[in-house]
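Make the full structure from the sequences, and use the hints.
Chains X and C supply the protein sequences, listed in that same order.
Residue numbers for the first sequence follow my numbering, beginning at 2 and rising by one.
Residue numbers for the second sequence follow my numbering, beginning at 2 and rising by one.
Since the hints were made in silico from the structure, they are not lab data.
Keep in mind that the hints are not guaranteed to be accurate.
Computed footprint of chain C on chain X; a stretch qualifies when at least three of its residues, placed anywhere within it, have a C-beta under 8 Å from a C-beta of chain C [stated by the list, open to error]:
id : segment
1  : 21–29
2  : 101–108
3  : 185–199
In the SDA-like style, the derived pairs of lysine to any residue whose C-alpha atoms are separated by at most 25 Å in a straight line are [to be verified]:
id : chain 1 : residue 1 : chain 2 : residue 2
4  : X       : K25       : C       : E106
5  : C       : K190      : C       : T179
6  : C       : K190      : X       : L76
7  : C       : K25       : X       : L92
Computed from a predicted model, the values in this text were never measured in an experiment.
Using N, Cα and C, we set each Cβ at its ideal position, and we do this for glycine too.
Here is how the chains run, residue by residue.
Number of protein chains: 2
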Amino acid sequence: MEEEKEHEVDEIVERAVSHGRSVKDVLIEMKNTSELMVDLAYSSLLTNSREIAEEVQRLEKVMDDLQYEIEALLLLSARNVEEAADLAGILHVALAAENIADSAEDIIDVVIRGIGDHPIYQTMISESEEQIARIVVGPNSELVNKSLGELRLSKRIGAYIRAIRRGNRWIYHPDKKTVIKEGDILIVKGDKPAIESLRAMCSS
Amino acid sequence: MEEEKEHEVDEIVERAVSHGRSVKDVLIEMKNTSELMVDLAYSSLLTNSREIAEEVQRLEKVMDDLQYEIEALLLLSARNVEEAADLAGILHVALAAENIADSAEDIIDVVIRGIGDHPIYQTMISESEEQIARIVVGPNSELVNKSLGELRLSKRIGAYIRAIRRGNRWIYHPDKKTVIKEGDILIVKGDKPAIESLRAMCSS
Chain X
2 MEEEKEHEVD
12 EIVERAVSHG
22 RSVKDVLIEM
32 KNTSELMVDL
42 AYSSLLTNSR
52 EIAEEVQRLE
62 KVMDDLQYEI
72 EALLLLSARN
82 VEEAADLAGI
92 LHVALAAENI
102 ADSAEDIIDV
112 VIRGIGDHPI
122 YQTMISESEE
132 QIARIVVGPN
142 SELVNKSLGE
152 LRLSKRIGAY
162 IRAIRRGNRW
172 IYHPDKKTVI
182 KEGDILIVKG
192 DKPAIESLRA
202 MCSS
Chain C
2 MEEEKEHEVD
12 EIVERAVSHG
22 RSVKDVLIEM
32 KNTSELMVDL
42 AYSSLLTNSR
52 EIAEEVQRLE
62 KVMDDLQYEI
72 EALLLLSARN
82 VEEAADLAGI
92 LHVALAAENI
102 ADSAEDIIDV
112 VIRGIGDHPI
122 YQTMISESEE
132 QIARIVVGPN
142 SELVNKSLGE
152 LRLSKRIGAY
162 IRAIRRGNRW
172 IYHPDKKTVI
182 KEGDILIVKG
192 DKPAIESLRA
202 MCSS
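Structure, rendered in C-alpha cells:
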C-alpha cells in the first residue's frame, strides 16, 4: 500500500517534468481548483446534493496531486538564497490553496455522512440566489459539438457554465471557443428555471 | 489585555442574543464572508494590491466575531442528544468556513510582507480574466443615492458589484434595490476598461 503510493507520486512528478509544466501552470490550476471546490461545497450543502459533494471529493484528489507536483517543481528550481525566499512565498500560497480545498471537503463531509438534511442549510438559500447544478450532456443533446459562443446559454436561458469535467480533466473557466462534447459533466450556475431549461436541452 | 478581550467576547454574544440573531443568520454571514475573502485574497495576490489585502484583514476580524457568535448561539441551543448531534454538524461547517477564511489570510500574507511582487503572480491573470478592484464612491459621484437597478452597471459598462463595505458593515450580494451611498467602498469585478470607466464615475 505504502509502496504503491510512493510509485504514484514518482509518476506525478515525472509526468509534470516531462510535460514541461511550470510552477505558474500548477499554481493557476490550484487556484482554480480551490475556488471551484468552495463554490461546489457550499452548493452541495445548501441543496443537500450528494452528486455535487462527490465532485468535490474528485477535485480533492486532483488537488493532492497538484500539491506534490508544485512541491517537486519548487524543489527543482531553487539555486540560491534569494530564489529560495521567493519560492518559499509561492509554497506558502500553494499550501493555503490546499487548506482551502481541505476545508471545502470538511463542508461536504456533512452531506456525505447524511446529516446535510438539517433544515437550516436549505433555508440558507435566498429566493433570488443562483444555484449550482451538475448536468450530464446526453448523446442526442443539441449542445453536442457546439461552442459556448454559438450556444449563448447565458443570454438565451440565463444559465452560466462555471466549469466542465471531461473524464478526469477539468475546464474551470470555459470561454466562447469551448466546444461541448457528449458525456461532458457541466457545472452550471443559474436560477431554478434556467437550470431546468438546460437540463432539458442536455437530456434530449 | 486578556480581560479586555474577554469583555469584547461578552459584548459580541450579548449583542447577538439581544438582536435575536439566529444560527442561520450567522452561518449565512460566515459563508458569504469566507467566499468573499477567497475571491479578494487571490485578486490581491494577482494584482499585488495591498488595499485589497487590507480588506481581507478587515473581513478576518468580522469572521472571528462571527465564530464566537455562532459558538455561543449553538451552546445555548442544544437541549437533548439528537439536537446536539445536529448542532455538531453545523459547528463543523462553521469551523470549515473559519478555516477557509484563515487560508485566505495566509494568501494575502505574501502581499502584506511585500513579497507579492514576484512576477509569477501577475502572469497568472489571463488576458480575458475579470479583475477585482476596490473603488471609493466620492461625494459628487453620479452613483450616489442611485439603486443598482437604476444604474444598470453590468449592462452599461460590464462591471459587476461583488460586494459593498459601508463603514464596518458589509453587503455581500447587493441586488437591484441596493442604493449606493457616498463613501461606500465598492468591490467590483470586470475587465480593465470596465473598471476604469467605473473608477471615473465614482471619482467625479
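If you check each hint against the structure, which ones fail?
-> Checked against the structure, the hints that fail are numbers 3, 6 and 7, while the rest are satisfied.
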